[in-house]
Structures are given as structure tokens and as C-alpha cells.
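Let chain P serve as the given structure and place chain G on it in line with the hints.
From first to last, the protein sequence lines are chains P and G. Read in the working numbering, the first sequence has 18 at position 18, and its numbers run on one by one without any break. Read in the working numbering, the second sequence has 57 at position 57, and its numbers run on one by one without any break.
No lab work stands behind these hints, which were simulated from the structure alone. Virtual Cβ for every residue (Gly too), placed ideally from N, Cα, C. Where hints are given, some of them may not hold.
As the list claims (entries may be wrong) - In silico contact screen, one side only, chain P against chain G (beta carbon under 8 angstroms); selected entries: (1) T102; (2) Q103; (3) F105; (4) G106; (5) P107; (6) R110; (7) L114.
Stated by the list, open to error - Label-pair restraints from in silico Cβ distances: (8) G:P40 <-> P:K55: 31 to 39 angstroms; (9) G:N22 <-> P:T57: 28 to 36 angstroms; (10) P:P40 <-> G:L11: 14 to 22 angstroms.
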Amino acid sequence: GAVVSQHPSWVICKSGTSVKIECRSLDFQATTMFWYRQFPKQSLMLMATSNEGSKATYEQGVEKDKFLINHASLTLSTLTVTSAHPEDSSFYICSGRTIQETQYFGPGTRLLVL
Amino acid sequence: KQEVTQIPAALSVPEGENLVLNCSFTDSAIYNLQWFRQDPGKGLTSLLLIQSSQREQTSGRLNASLDKSSGRSTLYIAASQPGDSATYLCAVITGANSKLTFGKGITLSVRP
Numbered sequence: 001g002a003v004v005s006q007h008p009s010w011v012i013c014k015s016g017t018s019v020k021i022e023c024r025s026l027d028f029q030a031t032t033m034f035w036y037r038q039f040p041k042q043s044l045m046l047m048a049t050s051n052e053g054s055k056a057t058y059e060q061g062v063e064k065d066k067f068l069i070n071h072a073s074l075t076l077s078t079l080t081v082t083s084a085h086p087e088d089s090s091f092y093i094c095s096g097r098t099i100q101e102t103q104y105f106g107p108g109t110r111l112l113v114l
Numbered sequence: 001k002q003e004v005t006q007i008p009a010a011l012s013v014p015e016g017e018n019l020v021l022n023c024s025f026t027d028s029a030i031y032n033l034q035w036f037r038q039d040p041g042k043g044l045t046s047l048l049l050i051q052s053s054q055r056e057q058t059s060g061r062l063n064a065s066l067d068k069s070s071g072r073s074t075l076y077i078a079a080s081q082p083g084d085s086a087t088y089l090c091a092v093i094t095g096a097n098s099k100l101t102f103g104k105g106i107t108l109s110v111r112p
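In isolation and in its complexed conformation, chain P is listed as follows (with noise of 0.2 angstroms):
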């Protein structure tokens, strides 16, 4: 099956700083990536669903200036937390949607912040 890999598989940092998460397809073109956050014992929730050569779109109550998204080609997004906070520690999981529209998952990314 496809491949999609995340970096990095864990960060933690201290509030007020911000950390970048990649999400790379390695083995296929993902024009379409989607970024999911779980808390513990919690389901997927989708954060935003992110389209090569555009912006973003973000599920509703998630802000936008806080999590930069960008897909600037068709392997790779990126998700920024911006001054995070520990309400913003959680377990980040991406996608990467095939052209059969089936999606593959990355490892996910724990942020923990202090």
C-alpha cells in the first residue's frame, strides 16, 4: 500500500513557541492531504483538509492563524502550531488521499507542550 510519513514522530516544547509538522506521500501524489488530531481515548477529529496549490479549508472551530497549513507540492504539507500552548498538546495524524480517493495515514506526530 501507499506510504505517508510524518516528521517529527514526537516534539516537545515550550509554550509560546511554535513547531512545524511534515507530512510527506512517498510513493504517490497526494493532491489532496488532511490533517486529524486525537486526544487520548478520543476519535480522529479532522482539522482541515489541505489542497495542493491552495489554501487550506478548516473544519469549524479550528483556527486558521493558529494552524498553518501549507501544500506546496504534491508530496508534501506541512501543519504549524503557532505559540502553542499545552491545550494544544495532542497526537497529530495526515493523510494522503490517492486519485482512487482512498486514504493513507501517516504515523502521527505526539506534541507535547510544556
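Just chain G now, kept in the frame of chain P:
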């Protein structure tokens, strides 16, 4: 708004048992339904995808069924093994934009 429910939240069974995991969704106008496996602290692994026109899909010891009209899907695991211990997530795509709506998952523990 589509809602996906998975009950119970956790399940513990002895090794070798056949088991069924349930998933229900409120809006029957789905494009497809997917079952995923998530190991602790890890990403998602797709297990089975059922198109809206299909009734079931099989892969090895796994069989997933779909009843769109009643808004239900089941994941059948035959001859369970300790290695099957994980959280199983059900997700549906309702709109043309391929947005997945996830259930909270069922955490399965298979006892040796």
C-alpha cells in the same frame, strides 16, 4: 451531521474466540466505510474498505459487512490472537470531498 458510534468502548476476549465489532452511523448516504487498526501511540492501518454498493469485504481472518439502510457495519475477527490486540476504528465518507468521520474506536484485548 454524520455521527459514528462504536460500542462497547473496550472488549476483552480469550485467544481463539471469534468476535464481532459493531459500528453504526446516522446518515446512510455514505460513499464508503473503512475499518482501521490503531496500535497504542501509532498511526492508522487500513484493514478493509467497503464501497457503498458492496455488502462485505474479506481479508484473511477479517470480514467486514455493511448494511447501509440500517446504518450498520460489523467487523468479524475469526480465531482471535493476542497480536490482534489494538483499537479498531470505523470511519465513513459521506460527502464527495472524501472527509472521513471516525468513531471513537473499540479497544480490543485478546488474552493468551
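Hints, verified against the model:
no., hint, verdict
1, T102, "holds, 7 angstroms"
2, Q103, "holds, 6 angstroms"
3, F105, "holds, 4 angstroms"
4, G106, "holds, 5 angstroms"
5, P107, "holds, 4 angstroms"
6, R110, "holds, 7 angstroms"
7, L114, "violated, 19 angstroms"
8, G:P40 <-> P:K55: 31 to 39 angstroms, "holds, 35 angstroms"
9, G:N22 <-> P:T57: 28 to 36 angstroms, "holds, 32 angstroms"
10, P:P40 <-> G:L11: 14 to 22 angstroms, "holds, 19 angstroms"
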